[in-house]
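**Q** Sequence:
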Amino acid sequence: MIPQCPPDAVVIRDGKAHFEVLDGLRGTAALLVVAFHIQGITVLFDAPRLLLPHAYLAVDFFFALSGFVVGYAYDDRWGTMSTRQFLVRRLIRLHPLVVLGAVLGLLSYVADPFAGNRQNAPGIRIAFAFVMALFALPSAPLANRLGDSHPLNAPAWTLLQEYIGNLAYALVLRRLETRALAITALIAGLMSAAMALSLGSYDTGWGLANFWGAPVRLAYPFITGLLIFRLHDRLPRWRIGFVPLSLSLGVIFAAPVLPSYGGLKFNGLYQTVCVLLLFPAIIVLGGHSGGGRVVSRLCRAAGQLSYPLYITHYPFVYLYMNWIAAGGTTTWVTVSVAAALYAFTIAFAFAAYRWWDLPLRLALQRRRVEQRRRY
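Here the sequence shown stands for residues 1 to 375, numbered as in UniProt numbering.
Hints in this document: simulated from the structure, not taken from any laboratory. Cβ coordinates follow ideal geometry from the N, Cα and C atoms, glycine included. The reader is advised that the hints may include incorrect statements.
Said to hold, decoys possible - Label pairs and their in silico Cβ distance ranges:
#1 A325 with L87: 35 to 45 Å
#2 G328 with L247: 35 to 45 Å
#3 Y261 with L167: 35 to 45 Å
#4 R234 with F114: 51 to 61 Å
#5 R239 with A182: 18 to 28 Å
#6 G241 with L91: 27 to 37 Å
#7 G328 with A182: 50 to 60 Å
#8 R366 with G328: 43 to 53 Å
Please model the entire structure based on the sequences and the hints provided.
**A** Right under this line is the structure:
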């Protein structure tokens with residue numbers, strides 16, 4: 001059953017209500033994670049020097065939002081939609097920007113003016129990495145790419161997990177009753193907590209050496225997001241609003257790295273609380289929150305920005321990384337360039353949405369409709 005949301009929490013567009021505060025929060029998380037990457041690469045992600053040391057948890061927040069949104073958008077369509085049609089819809093929604101990110105990643109690797117000889121990988125390996133990147137698949141490591149499983153565009157590892165989550169939803173999760181889904185979320189949460197308490201953080205899944213952690217990070221938030229959608233009408237209807245919830249994400253990400261004591265890794269414990277409890281709570285609150293016209297427009301713009309920004313910014317961060325490695329700059333110059341890069345990635349993301357993502361998705365949707373009419 002589709003939750004009956006309070007009128008001021010959603011906006012009706014294209015016959016379907018949109019949770020605009022949740023859209024806005026996705027944009028907030030994307031803005032914070034980009035700031036984390038730009039500042040973090042400056043100090044090679046040395047934890048004590050990070051301004052947002054927990055911002056990589058934005059990935060887990062994205063997974064939870066994805067579970068909620070996928071359930072909301074598709075749970076009531078299965079009587080008239082096949083698994084193939086669902087997967088085609090998701091590919092149309094997500095893959096144009098995956099391709100753009102792969103192209104940008106290739107250009108940043110072969111045409112980086114600051115890299116010197118640090119990126120002289122064999123051409124066949126670069127070509128293989130590019131082909132794999134076009135499909136959001138991992139590839140062999142490349143020089144000067146920090147061990148990322150997706151060396152041309154590091155954030156693409158989360159898109160592979162997104163596809164895995166969507167496939168799991170289509171084949172299994174959508175068929176589960178609410179009680180079974182809750183039990184599955186509980187099991188996934190126990191695995192998630194065990195991983196974080198063992199490692200001392202959720203900073204895993206992004207590289208070839210720790211790729212096993214990616215599905216563990218995906219499972220709990222994605223399933224819980226779907227469960228929150230299913231239980232939406234029965235959950236508290238507290239309304240806090242977009243700005244306080246965005247500030248909450250900023251505070252969570254900016255908390256200091258916690259030490260270990262007596263065998264207990266408090267940093268892992270803190271992040272476990274964030275992923276298992278705080279992020280679901282923020283989604284519940286955001287799902288019932290609304291705002292005026294200005295907040296609605298801000299949330300809509302942030303939602304449109306979020307995915308293009310997340311999937312296109314890192315190739316430019318690579319350029320910045322190599323510019324820093326080349327040396328010869330002052331602190332103030334570095335800060336100024338970092339701020340300019342941050343503004344540029346936002347502007348580029350809006351351009352990518354307007355002139356790449358949106359036109360391609362509309363063209364692919366028209367083609368899909370035309371093919372269905374033929375057959």
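**Q** A separate judgement is required for each hint: does it hold in the structure or not?
**A** These are the hints, each one checked on the structure:
no. : hint                       : verdict
1   : A325 with L87: 35 to 45 Å  : holds, 41 Å
2   : G328 with L247: 35 to 45 Å : holds, 38 Å
3   : Y261 with L167: 35 to 45 Å : holds, 41 Å
4   : R234 with F114: 51 to 61 Å : holds, 54 Å
5   : R239 with A182: 18 to 28 Å : holds, 25 Å
6   : G241 with L91: 27 to 37 Å  : holds, 34 Å
7   : G328 with A182: 50 to 60 Å : holds, 57 Å
8   : R366 with G328: 43 to 53 Å : holds, 51 Å
Of the hints listed earlier, there is not a single one the structure fails to meet.
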